[in-house]
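*Asks:* Under our numbering, the first residue of the sequence shown carries the number 125, and numbering increases by one thereafter.
No wet-lab data here; the hints were simulated from the structure. Beta carbons are placed, not taken as given, at the ideal position from N, Cα and C, and that holds for glycine. Be aware that a few hints might be false.
[Stated by the list, open to error] Each computed EDC-like pair below joins lysine to aspartate or glutamate, with the alpha-carbon atoms no more than 16 Å apart:
#1 Lys164 / Asp188
#2 Lys321 / Glu285
#3 Lys329 / Glu285
#4 Lys321 / Asp286
#5 Lys308 / Glu285
#6 Lys321 / Asp297
#7 Lys321 / Glu304
[Said to hold, decoys possible] Simulated restraints, written as ranges between beta carbons of each label pair:
#8 Leu174 / Asn139: 51 to 59 Å
#9 Ala165 / Glu285: 20 to 28 Å
#10 Ser315 / Leu174: 27 to 35 Å
#11 Asp286 / Glu150: 32 to 40 Å
#12 Ala178 / Asp286: 21 to 29 Å
#13 Tyr185 / Gln157: 16 to 24 Å
#14 Arg201 / Asp297: 55 to 63 Å
#15 Tyr196 / Glu131: 31 to 39 Å
#16 Asp303 / Lys199: 56 to 64 Å
#17 Ile141 / Lys289: 47 to 55 Å
#18 Lys289 / Ala165: 25 to 33 Å
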Amino acid sequence: MSETLLEQAKKFFENEIESEERVTDELRQICNQTYIQFNKALKALEHDVLDPNARKRTAQYLKDGLTYITVYKIKYRLDNSTQLGRNTVGPVVSQAEGNTDDAVVSQPEQSIVGPVVSQAEGNTDDAVVTQTEQSIVGYDSAIQDDLPVLPEPNANWMYVEDYIKNHGKKNIDWEKCYDEGRRKGHFKKHSSWRSTKSGYYRFLKKCSI
Numbered sequence: 125m126s127e128t129l130l131e132q133a134k135k136f137f138e139n140e141i142e143s144e145e146r147v148t149d150e151l152r153q154i155c156n157q158t159y160i161q162f163n164k165a166l167k168a169l170e171h172d173v174l175d176p177n178a179r180k181r182t183a184q185y186l187k188d189g190l191t192y193i194t195v196y197k198i199k200y201r202l203d204n205s206t207q208l209g210r211n212t213v214g215p216v217v218s219q220a221e222g223n224t225d226d227a228v229v230s231q232p233e234q235s236i237v238g239p240v241v242s243q244a245e246g247n248t249d250d251a252v253v254t255q256t257e258q259s260i261v262g263y264d265s266a267i268q269d270d271l272p273v274l275p276e277p278n279a280n281w282m283y284v285e286d287y288i289k290n291h292g293k294k295n296i297d298w299e300k301c302y303d304e305g306r307r308k309g310h311f312k313k314h315s316s317w318r319s320t321k322s323g324y325y326r327f328l329k330k331c332s333i
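When you get a sec, could you build the whole thing from the sequences and use the hints?
*Replies:* Right under this line is the structure:
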């Protein structure tokens with residue numbers, strides 16, 4: 125009788141453990157993927173935002189997101205290895221301090237993502253985005269980006285999208301769309317409305333990966 129109860133208890137706890145492990149794996153993947161997306165946005169910021177003040181402000185928001193994710197990956201031990209956390213964000217807390225859960229949350233951002241730029245280097249507006257990958261993103265190379273790489277929409281396809289919205293998706297007059305777009309400076313690399321149409325649908329196909 126006792127053996128049967130033990131076997132039942134074993135099966136029950138094994139199922140519970142498997143369920144918890146699945147949740148943990150999913151949370152780890154969410155953290156990793158969100159971290160990557162914040163990092164991509166931070167890297168793209170340098171090229172997409174010309175105003176230094178706006179760039180600095182937006183970069184700080186993204187850094188805050190990176191910090192938030194990093195803190196909780198460490199707090200709930202969602203990193204793939206303990207060495208990953210130590211090398212990336214520095215020691216969570218010294219042995220003498222004791223409570224690691226509280227200490228990791230109260231740890232200042234500076235110790236997690238590293239200094240943006242030294243005083244001697246001067247221009248913090250530019251440095252906030254152009255700093256090396258090691259100092260801001262740390263363990264990017266240790267986690268896998270599972271999202272597909274989508275092509276960036278360019279002005280040509282944005283114009284086509286606007287044209288479709290204004291004229292309806294059914295029975296698109298591609299020749300008229302092409303001619304009007306050319307007059308507005310679009311489709312410079314397209315020799316005809318046919319190549320424009322083909323290019324647009326290739327773009328849509330890539331976006332639907």
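*Asks:* Given a hint of 25 to 33 Å, does the C-beta separation of Lys289 and Ala165 actually sit inside it?
*Replies:* Because 26 Å falls inside the window, the suggested range holds.
*Asks:* Given a hinted range of 27 to 35 Å, is it respected by the beta-carbon distance of Ser315 and Leu174?
*Replies:* Holds - the Cβ-Cβ distance for Ser315 and Leu174, about 32 Å, lies within 27 to 35 Å.
*Asks:* Between Lys308 and Glu285, is the straight-line Cα distance small enough, at 16 Å or below?
*Replies:* holds, 15 Å
*Asks:* Next pair to validate is Lys321 with Glu285; report whether the Cα-Cα distance is within 16 Å.
*Replies:* holds, 12 Å
*Asks:* Given a hint of 32 to 40 Å, does the C-beta separation of Asp286 and Glu150 actually sit inside it?
*Replies:* The hint (32 to 40 Å, Cβ to Cβ) holds, given that Asp286 and Glu150 are roughly 38 Å apart.
*Asks:* Does the hinted range 47 to 55 Å hold for Ile141 and Lys289 at CB?
*Replies:* Distance hint for Ile141, Lys289 holds at roughly 52 Å.
*Asks:* Compare the distance between the alpha carbons of Lys321 and Asp286 with 16 Å, and conclude whether the hinted pair is satisfied.
*Replies:* Given that 16 Å is the threshold and the Cα spacing comes to 14 Å, the pair holds.
*Asks:* Does the Cβ distance between Tyr196 and Glu131 fall inside 31 to 39 Å?
*Replies:* Given a distance of about 37 Å, which is inside 31 to 39 Å, the answer is holds.
*Asks:* Using the Cβ atoms, figure out if Leu174 sits within 51 to 59 Å of Asn139.
*Replies:* holds, 56 Å
*Asks:* Hint says 55 to 63 Å; check whether the CB-CB distance for Arg201 and Asp297 agrees.
*Replies:* holds, 59 Å
*Asks:* Against the 16 Å threshold, does the CA-CA distance of Lys164 and Asp188 hold or violate the hint?
*Replies:* holds, 14 Å
*Asks:* Are Lys329 and Glu285 close enough, with their CA atoms no more than 16 Å apart?
*Replies:* holds, 15 Å
The earlier numbered hints are all upheld by this structure, with none contradicted.
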